[in-house]
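K.L.:
The listed protein sequences correspond, in order, to chains G and A.
Each residue of the first sequence is one higher than the one before, starting from 125 at the first, in my numbering.
Each residue of the second sequence is one higher than the one before, starting from 236 at the first, in my numbering.
The set of hints was computed from the structure by calculation and includes no laboratory data.
Here the structure is a predicted model, which is why all the values come from computation and not from measurement.
Built from N, CA and C at the ideal position, the CB exists for glycine as well.
Straight-line distance between alpha carbons at most 30 Å, and here's what the computed BS3-like set of lysine-lysine pairs gives:
#: 1; chain 1: A; residue 1: 257; chain 2: G; residue 2: 199
#: 2; chain 1: A; residue 1: 253; chain 2: A; residue 2: 263
#: 3; chain 1: A; residue 1: 501; chain 2: A; residue 2: 263
#: 4; chain 1: G; residue 1: 233; chain 2: A; residue 2: 589
#: 5; chain 1: A; residue 1: 501; chain 2: A; residue 2: 261
#: 6; chain 1: A; residue 1: 526; chain 2: A; residue 2: 501
#: 7; chain 1: G; residue 1: 353; chain 2: A; residue 2: 620
#: 8; chain 1: G; residue 1: 199; chain 2: A; residue 2: 526
#: 9; chain 1: G; residue 1: 233; chain 2: A; residue 2: 590
#: 10; chain 1: G; residue 1: 199; chain 2: A; residue 2: 253
#: 11; chain 1: A; residue 1: 526; chain 2: A; residue 2: 269
#: 12; chain 1: A; residue 1: 586; chain 2: G; residue 2: 233
#: 13; chain 1: A; residue 1: 616; chain 2: G; residue 2: 233
#: 14; chain 1: G; residue 1: 199; chain 2: A; residue 2: 656
#: 15; chain 1: G; residue 1: 353; chain 2: A; residue 2: 616
#: 16; chain 1: A; residue 1: 531; chain 2: A; residue 2: 267
#: 17; chain 1: G; residue 1: 199; chain 2: A; residue 2: 531
#: 18; chain 1: A; residue 1: 586; chain 2: A; residue 2: 526
#: 19; chain 1: G; residue 1: 233; chain 2: A; residue 2: 605
Far from chain A, some chain G residues (derived; all Cβ distances over 12 Å):
#: 20; residue: 156
#: 21; residue: 280
#: 22; residue: 286
#: 23; residue: 301
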Amino acid sequence: MLTAGIDIGSITAKAAILQDDTLLGTRVVFTGYNASQAGKTVMTDLAKDTGIPMADLAAVVATGYGRNSVEFATKSITEITCHGAGAHFLNPNVRFIIDIGGQDSKVIKVDGAGRVLDFAMNDKCAAGTGRFLEVMARALEVDLDGFGDFCLKSTAPSKISSICTVFAESEVISLISKGESRENIIAGIHESVASRVAALARRVGVVEPVMMTGGVAKNICAVRALERKLETEIQVSPHAQVNGAIGAAVLAGRLKVKAQS
Amino acid sequence: MAEQPDKTTSSPTKEPSKDLEKERRKIKSVAKMKEIMTTYYIDAKTARDNGKKVAWITSGGPVEFLIAMDVIPVYPENHGAMIGASKMGVDLCEKAEEMGYSRDLCSYARSDIACSVTNGGPIGGLPAPDFLVCCNNICGTVLKWYEVAARYYDVPLFILDTPFIHTSFSESAKKYVIAQTYEYIAFLEKQCGKKMDYDRMNDVARLAVEGLRLWQAVLDTAAHKPAPMTAFDAFFHLALIVTLRGTQITVDYYKQLLDEMNQRIKDGIAMVPNEKYRLLWDNLPVWYRTKWLSDKFASHNACLVGDTYTSAWSGVMDLIDEHNFIETGAVAYSSVYINVSLDMMMETLEKLIKKYDVDGLVMHSNRSCKPYSLGQYDLQKRVMKELNLPTLIIEADMVDERSFSESQIETRIDAFMETLKG
Chain G
125 MLTAGIDIGS ITAKAAILQD DTLLGTRVVF TGYNASQAGK TVMTDLAKDT GIPMADLAAV
185 VATGYGRNSV EFATKSITEI TCHGAGAHFL NPNVRFIIDI GGQDSKVIKV DGAGRVLDFA
245 MNDKCAAGTG RFLEVMARAL EVDLDGFGDF CLKSTAPSKI SSICTVFAES EVISLISKGE
305 SRENIIAGIH ESVASRVAAL ARRVGVVEPV MMTGGVAKNI CAVRALERKL ETEIQVSPHA
365 QVNGAIGAAV LAGRLKVKAQ S
Chain A
236 MAEQPDKTTS SPTKEPSKDL EKERRKIKSV AKMKEIMTTY YIDAKTARDN GKKVAWITSG
296 GPVEFLIAMD VIPVYPENHG AMIGASKMGV DLCEKAEEMG YSRDLCSYAR SDIACSVTNG
356 GPIGGLPAPD FLVCCNNICG TVLKWYEVAA RYYDVPLFIL DTPFIHTSFS ESAKKYVIAQ
416 TYEYIAFLEK QCGKKMDYDR MNDVARLAVE GLRLWQAVLD TAAHKPAPMT AFDAFFHLAL
476 IVTLRGTQIT VDYYKQLLDE MNQRIKDGIA MVPNEKYRLL WDNLPVWYRT KWLSDKFASH
536 NACLVGDTYT SAWSGVMDLI DEHNFIETGA VAYSSVYINV SLDMMMETLE KLIKKYDVDG
596 LVMHSNRSCK PYSLGQYDLQ KRVMKELNLP TLIIEADMVD ERSFSESQIE TRIDAFMETL
656 KG
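Construct the complete structure from the given sequences, taking the supplied hints into account.
P.N.:
Here it is, written out as structure tokens:
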């Protein structure tokens, strides 16, 4: 059975197509201002990539902040439940997921079947999210893709005391003017994100093994900083960024099973 | 109160049968309640013309003494709730911020202070007070808020200080509060230019206790499955036990409401059609979003059957001996839900969770109400660990809509319900 999942986040829209237990393909596009259009685009692109016409899909589940604007979706399910299902699909042993996306960070505790036991999300603040890193990368004129690699060269991470994205940006600017190295500032920024997310993780209570998902999981420095704070190894799948979409496709498969039974 | 009576119904539809169903679910006493509250505010606003005195009093303050002295009690906090429900909070809060009050202050305080200056809000401001009565059993903010009002209106202020209860109420604390109650009576006698009529006082005390018992009985009807009313209805019907406690009107009204609830149980009328999940609410309502939240939960077949807020008034009624109201009332007022330790709050929570037999707890982390919100994460942990009950925390504010993020709250509620459904 063919199913698809679409995850419309604040920065990127992701899609995944599954044939039962096999991942056939994934795709990421920028969301832009029109979430509904981004959903259509990412799905059409993926259909083209995989050569699977949308009409062949048994069910489509939409998730993410734009989940209710995907008109062709069979059902919408929150990203919390989808990330649980996605991580379980990628590694059934995972019991704890840290997802850092564009505008929020969340921690999810799951059982052996990938079902959500408890979760927590950041409050109304962009600190500790992908957007925070994006703003900082821009302030430091570093390409986001290579942002994480910088801190591997840091000798002593700077101390970023502000937890507010806007204030932290001015703090970074004053560090630059004091002559702090870019590597140390970048390492400090990642420490700050990791502290914030680690506190969120402890609120729920970390259970091993831990997996990190979301776009920020591609940032090696963020992953290492979190590992140090939480004193645990963190798995990162090559599909980390599209984990929500994969989970949505997994859940779409169960929908169909339910409908048929 | 300015809420809509049909607030607890699910998605609107044009089909006549569904309309009838919706009509059947409406609480009929709402009309009477609105009439009582309208009359009450007209009386308060025209008090001076009728030679009556007006006192502003905090929501947890001992209003019975004012009623016994024929003073009309007016509640800035109830006013704040009305402002919130009328979605007028943001403008008024911004006005207060322009005046120099920090955005971190309570939104009841900010919006009410702004109303004093602008005569704005849903009822054009509260009638000016002849004097003020402030009891700090509900928070510390009221002290400064009432001092501001005392300076602005240039009227006397009486402060009743109720020590926080960490483990138990000590004998010396008890003596301290009782002594202040006698000072309170002397203050009222001076302001009103007449002696307290203790026979009348006993009458008021009797009616207050009767009102509290009836209110608790109304709330208890939601223990029935399915619940004939929800916490959202309780938020609305609460106004009388706060503002007019100790009057016959309140007793009569809650008798009527209790009869209606019992009749609904007999007739099998549920407030949430297809009630499947029963939830308990913690903290004050999000006044400007009661309908949205109610619809949101109802769309998941979830019903908020109880809450810690509306039972806070009746929660201490067993401590009151109506024949010795002055002394026992002082202890009861000091023992309200948010003037006690987390251990004691946990006991109350556990009782409510069991009484209403709920499937989950929803905690509103209320930016305005620090004493209510502080400790919620610890309580959440204990509820999950000791009672194995799923718990959700949502962040918002009771009046200031700027602290409400719809998509974030929607995701949290949807995800929480997905977890409950398994």
